[in-house]
Amino acid sequence: MGDVILDIRDLTVVYKTDLETVEAVNGVDLRIGKGKTMGLVGETGAGKTTTALSILRLLPSNTGRVLKGSIAFGGIDVLALDEKKMRDIRGDRIAMVFQDPMTSLNPVMTIGEQIAEALVLHNDGLGKEDIEGRVEEMLSMVGILPSRKNEYPHQFSGGMKQRVVIAMALACEPELLIADEPTTALDVTIQAQVLLMIKELRNRLGTSMLMITHNLGIVAKICDDVAVMYAEEVVESGTVEDLFFGDRHHPYTEGLFGSLPNLSSRAKRLVPIPGLMPDPSNLPEGCAFEERCGKRMDICKNLHPATATSGTHSLRCHLFNGGPER
Amino acid sequence: MNDDRTPLIEVKDLRKLFKLKGGAKLYAVDGINLKIYPQETVGVVGESGCGKSTLGRSILRLIEPTSGVVLYNGRNIMDLGQRKMREIRKDLQIVFQDPYSSIDPRKSVIDVIAEYMFIHRMFKNRALTYSRAAELMDLVGLARRYANSYPHELDGGRRQRVGIARALSLNPKFIVCDEPVSALDVSIQAQILNLLMDLEDELGLTYMFVTHDLSVVKHISNKIVVMYLGKCVEMASSDELFLNPLHPYTKALLGAILEPDLAKRDQEFMIIKGEVSNPINVKPGCRFAKRCDYCFEGCADSDPQLFEVSPDHFVSCFLMNQRPLSAL
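In the order they appear, the protein sequences are chains H and W. Sequential numbering from 1 applies to the first sequence in our numbering. Sequential numbering from 1 applies to the second sequence in our numbering.
Any given hint could turn out to be false.
Stated by the list, open to error - Derived contacts from chain W toward chain H, CB cut-off under 8 Å, selection only:
(1) E47
(2) V186
(3) L193
(4) S215
(5) K218
(6) A252
(7) L258
(8) P260
(9) D293
(10) E297
As the list claims (entries may be wrong) - Stretch by stretch, here's where chain W covers chain H in the computed footprint (C-beta under 8 Å, at least three residues):
(11) 104-110
(12) 126-132
Bear in mind the hints are in silico, worked out from the structure with no lab data behind them. Quantities reported herein were computed from a predicted structural model and do not represent experimental measurements. Don't be surprised by glycine CBs; every beta carbon is placed ideally from N, CA and C.
The shape of chain W in the complex, shown without the other chains (with noise of 0.2 Å):
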């Protein structure tokens, strides 16, 4: 991961500031770094309101960033006006979570496909465009007959498709999928897993993959993000994450997966004390240091920094910076 290629997205100290009633301070976004390169999988992974939606969402300026940089092929997009960053969605996309209330209730099947492409004029005429998304309906596994459907008559798998074919529909690079599976039944939850990992081989495509769900961001991603209210707590190759853990938080996550296997039965659950603390106005110091096991008084007075503790693995953590691998 450390080569000499241009990432597809860098994102430089990003920032997001929500400034709520009274004047308190909540940073959903507190100075995320990442690189993603072409053709990889990037797992966001983090509990409810640990603000990895509004990482995703960020980085395509969907919502307006505070502060920090967002690089796409090296070419900064948070200075670019209306107009131009317009031209840039083009190759940024975004899948969201909820099938039921992304997609237009009003419009049929192959109008909420069609619809982007009218707005950027892909095509010279109606006739172009719509058998253009009649092809993204194949792509995608819908069977041509539900073109003229509307999206109530289609389950939640079938509905997710049509997002998808939506998101595809101007041949972007890269696609934010944010909780793509999570409202989906088991079954159809792994069709569409197997859809996206498709079209990424076929389309050469670029994902940051969203999830409460540290199997699926497993089986999907070459590389994982760990957050926790708004920081990112470890960075590593999937691989490696899952073998070698060592930020707290990543442990209790891990220890908290429910495997499908009997033998595992008596195996003792990890279980981390309290609940994620009150996002607004953190006190400096580590956000996780009142659920943590290993706590000790240094914690609590600054925050920790990201820290490489092996070739591409990261964690923020006052451990790792004071004791040697093998002490964890």
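If we strip away everything but chain H, and leave its shape as in the complex, we get (with noise of 0.2 Å):
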């Protein structure tokens, strides 16, 4: 894979409370080559967006708990930082665009304040003219008129706030951009127009990404490599290609497939995936997806499955213990 900007490795994060501990993240291990794209797909409460948060030491502090495990960014032990000096990394080497613009921007700020604010913070050298000046240069980058930068949040629309995230996150030109389902929010035209910019905008800079999505669509698109979580794990990854042309599997990725209406087959109905994902806090001692799948064994039941790994392909699934196979 070359050189590696991310490498998570058997990352456990707990929600802690006084009532129960809910497993929010198990055993994941990520790897995001310098300049590619990963994408990480699953359902709600697969435990995506908590994995996004602990790199960037976000989790809510009263209750949210990095287990064990570690996360290496650029080979720093993030980790292990103290928060002085995590503060030098979050935003400035590591940045990211939220789901939803119209509650990740400040209402009472004007966009060009905003977009200064990590200017300002991670950049002692520069003056104020220098500022004023990247951010026009930032919002023209995200096709916004540079006029603009004196009005405020709830003068733009949908689409246009969500530029505006995306020009706050670019501002410190990131090493790695972690966007949590960008597009969601979005009309589809829209969604096209910035998905195609966030698009441009990696292969100019050569930021690497992680993108949080539940749209196989989008990964087709723009991503290299994919992650499917299920239940707080990592079920499959690989290459785009292991995942679209692969032969082999997890039954769950069979079933995210199945449940996409498909635009070219004449299919009448859609083959979902039975039943619903387990309380995470209380998952099953066997494999997590037991009680949806259809190939399940007797083994699936009491065993947790390990991860197989081929080649770039791994698969956690009793199906494949010998590896699969390509």
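Starting from two chains that each stand alone, build the complex the way the hints lay out.
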């Protein structure tokens, strides 16, 4: 994979309250190569966002705990940094775009001030005019007239707000951009505009990306590698070719594809996955997908499957204990 | 579709005007004509703010239309009084988008499903009503053990099943489904779509399916209406629309679909510039002209009319009126 910018190993995160302990991320391994885009796919509650928040050390401090594992960003052990050093990285070298542009902007600051904020914090040498110039440059890069920098978020539409959020995230030219469902709240034609812009900016700036999404169409369009999460674990990972063209798949991944209406085929019925994801505060002893799986075996109920890797393709399923064949 | 049967629902020149502060006018629905035949599913697609939900609700008179006519089985329902309208409402139901806000949080599942039947006095006594509610739970695939649960205890998919059971409780003929799956995860979305299609066959239902998701609409509809700023810009059978889209906006919508297909990775996105323009005090002329790549001088002068280019394929675009089909 060449140079690795982000290397997550065996990450386990829990949310602990007085009443219960909820496993949010369980033994997740992820590696993102320099300049590559990794798609993180899964349903609501699968642990995608928690994984992203752990990288930035933004877990809610009173409940979220990293139990074990390591996160290395460009060779730095992120989990061992003190808060001051972490702040130097956060927003400067790793930036995040949140799902909902309506709530991730400050309603009482102009968008220009909000883009300038990260620049002021992370670039001591920059003078006022340099910063203004950079703000205008960022705005025109994301396709907003620089003259609108003194306007407030409510004066922009949803798609425009998401462009502002992306301009904020890219202002310090981060090495890694984490995008958490950046287009889910947008209309289809605007989604296409924003995705195309993200793709072009990424190619131009050479930014590595972690793209959190539930949309396999987005994965097909812009990701190089994919990890599929189910019930707090990565159940399948590999290159996009492995995911779309490989012959062996985790039954959950097959279920995801079967659930999508297909534009070219005339199939009358979809093939959904029966049932629901298990309660994360009460995960089964064996495979977490066992209850919903059409290919379950006796072993699945009792033994938690290990990850088997062949080449770039990894699967966590008893069907492929010898490793997925290509 | 051009047959002699009476349409189940016929909409004629329906308009809904919202008057805003300072005398500004917003036509959310601006002269829609539509025929829906029994056991047909009509999909209505468009982006947020195009008036698709207002259209669905105006047909049921949940929002009172400003002008126009809605015929149900040939009978005009626009001038019915409250009492008669209530009677008709048994036949015309709606499933809402957000199963979190459309269900009373203080009622248990069985009470939510039974509520309409109590209002319409469907059964002689409570026991019969509740036993019908339990049957409805079976019909939509909700385990009876949830009968006394409250909505917050259920996930989104089960909640949407409650909403569907409630809509079915009065044995309706026609259901408006207003984005019924857009708040759900894909695997759950597929379960609900299958359920709606099974119910259509079993109970002989007719749907109007309002959504922004074109792959869903293709999957479920016979006929598709594409809306832009209150107007119908194109209407055709679902196969025809996907094979041979004619309006530039329809083409843009289809071009923006992200297919989960790696073979199409390098296929160019078809991007249309700009965003949906302001719906307030719209000037005459084609609503889409500002964003349209094919726009020419005449487009801003007058409103294009819906025009039948081939049997049952209607487009409202000046290009279609003036040039042969092959020119586009």
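Results for each hint:
Because the beta carbon of E47/W sits about 4 Å from the nearest beta carbon in chain H, less than 8 Å, this interface hint is met. A least Cβ separation of about 5 Å between V186/W and chain H falls short of the 8 Å threshold, and the interface hint therefore holds. Satisfaction of the interface hint for L193/W is found here, the shortest Cβ-Cβ separation to chain H being roughly 6 Å, below the 8 Å cut-off. Among the interface hints, the one on S215/W holds; its C-beta lies about 4 Å from the nearest C-beta in chain H, closer than the 8 Å criterion.
About 6 Å separates the beta-carbon of K218/W from the nearest beta-carbon of chain H, less than 8 Å, and the hint is met. With its C-beta approaching chain H no nearer than about 6 Å, A252/W sits inside the 8 Å limit, and its interface hint holds. Nearest Cβ of chain H to the Cβ of L258/W: about 3 Å, under the 8 Å cut. The hint holds. Taken as an interface hint, P260/W checks out: its beta carbon lies about 4 Å from the nearest beta carbon of chain H, inside 8 Å.
Interface restraint check for D293/W: the shortest CB-CB distance to chain H comes to about 13 Å, outside 8 Å, so the restraint is violated. For E297/W, the shortest C-beta to C-beta distance to chain H is roughly 25 Å, which exceeds 8 Å, and the interface hint is violated. A stretch counts as covered by a chain when three or more of its residues have a beta carbon under 8 Å from one of that chain; for the region 104-110 of chain H and chain W the count is 0, and the coverage is violated. Counting residues of the region 126-132 of chain H whose CB lies closer than 8 Å to any CB of chain W gives 0, which falls below the minimum of 3, so the coverage claim is violated.
Checked against the numbered hints above, the structure breaks hints 9, 10, 11, 12 and satisfies the rest.
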